[in-house]
Amino acid sequence: MHEMSLAMQLIEIVTARAQAADARAVSRVEVELGNLAGVMAEALEFCFAAAAKGSLAARAELVIIPITAQGHCRQCAARFPVAGLPADCPACGKWDVEIQGGQELRLAAIHIED
Amino acid sequence: MCTDCGCDHHHDHHHDHHHPPGRGRVITVEEDLLAKNNSLALANRGLFTSRHILAVNLLSSPGSGKTTLLEQTIKRLQPDLAITVIEGDQQTGRDAERISATGVPAFQVNTGTGCHLDAAMVRHAYEHLAPPADSVLFIENVGNLVCPAMFDLGEQHKVVIISVTEGEDKPLKYPYMFRAADICVITKTDLLPHLDFDLDQCCAFARQVNPRLTIFQVSAKSGAGMDTWCAWLLRQREAFLLAHG
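Residue numbers (our numbering), protein chains in the order written: chain A, 1 to 114; chain B, 115 to 359.
Hints are computed from structural coordinates only; laboratory data are not their basis.
What you are looking at is a predicted structure, and each value in this text was computed from that prediction instead of being measured.
Be aware that a few hints might be false.
What the hints assert, rightly or not - Derived lysine-lysine pairs resembling BS3-like cross-links, with alpha carbons at most 25 Å apart: (1) A:K94 <-> B:K287; (2) B:K335 <-> B:K189; (3) A:K53 <-> B:K150.
Please model the complete structure; the sequences and the hints are all you need to start from.
Pasting the structure below:
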């Protein structure tokens, strides 16, 4: 259940940024989540609600922005979106695929109330 | 579920209703949630490198034979090589006791309810262990093929271990770990005659997930494959010393 430690880390960053901006509260938290980051969006949402309790983000909405990994076949040079692992090339069927992105787990922005 | 209106949450769902009145602002952050762990891991890596300590992170399910592999590896590499070990488990100091019995210093980290080691825990253990310069530091992670894949500890190599008493399709079931690792060790190969485990299929699955994976097959019990595995470790150490010495 690494989502709980990630949610606590998220709240720590959100709170620090909100306090630095003299915010009264945080209304919205936007997180970019890659589809190969190894994090379940539903579990992160569940843990976010628990971790946010009593913080400036207690009433904040968590918005998860999904990001899809891109594959590049080292054999035939095809480029394609990667839905999951393992990833074979849809053009030539080989498994020698270089994967770009999909590991994102990033706090993109927060919406605050003054 | 949305905390504002209680609706079922969809990722492309926009809220244009009921937000509290008052002046709102958007602050762009763009900060990685693992940034804290990653920067601590980077510091660990710098420290290990400056002291010529080759750090190897061992990852697997519970019961794959990590500690036995480590015991037998230590027996073969000692006394030519200074070795220390960080043991990660939820509870007990049993593994550190087993390693200490081989004569090398070991430090046990208990994660309690935690499911993985992180860079801060490794740094804490390192300070206690005080490994000598020019040594090898093995980090036996908590038995778990999921969470530890995400947490960089500052190691030079991630070694995923799978035993032949598990299913040969484990690389497909836990692809993130097999993708994160650069080395795979298949253990307990002495049991193969008694099992239906398809070794070639397991290797093929592992390479589907990670075409760059280097695979070793060993039996810590019979000793089969142990020389090849230990020779690889010694070569890595020599290459590490050449690169950073």
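Hint-by-hint comparison with the structure:
1. A:K94 <-> B:K287: holds (19 Å)
2. B:K335 <-> B:K189: holds (12 Å)
3. A:K53 <-> B:K150: holds (22 Å)
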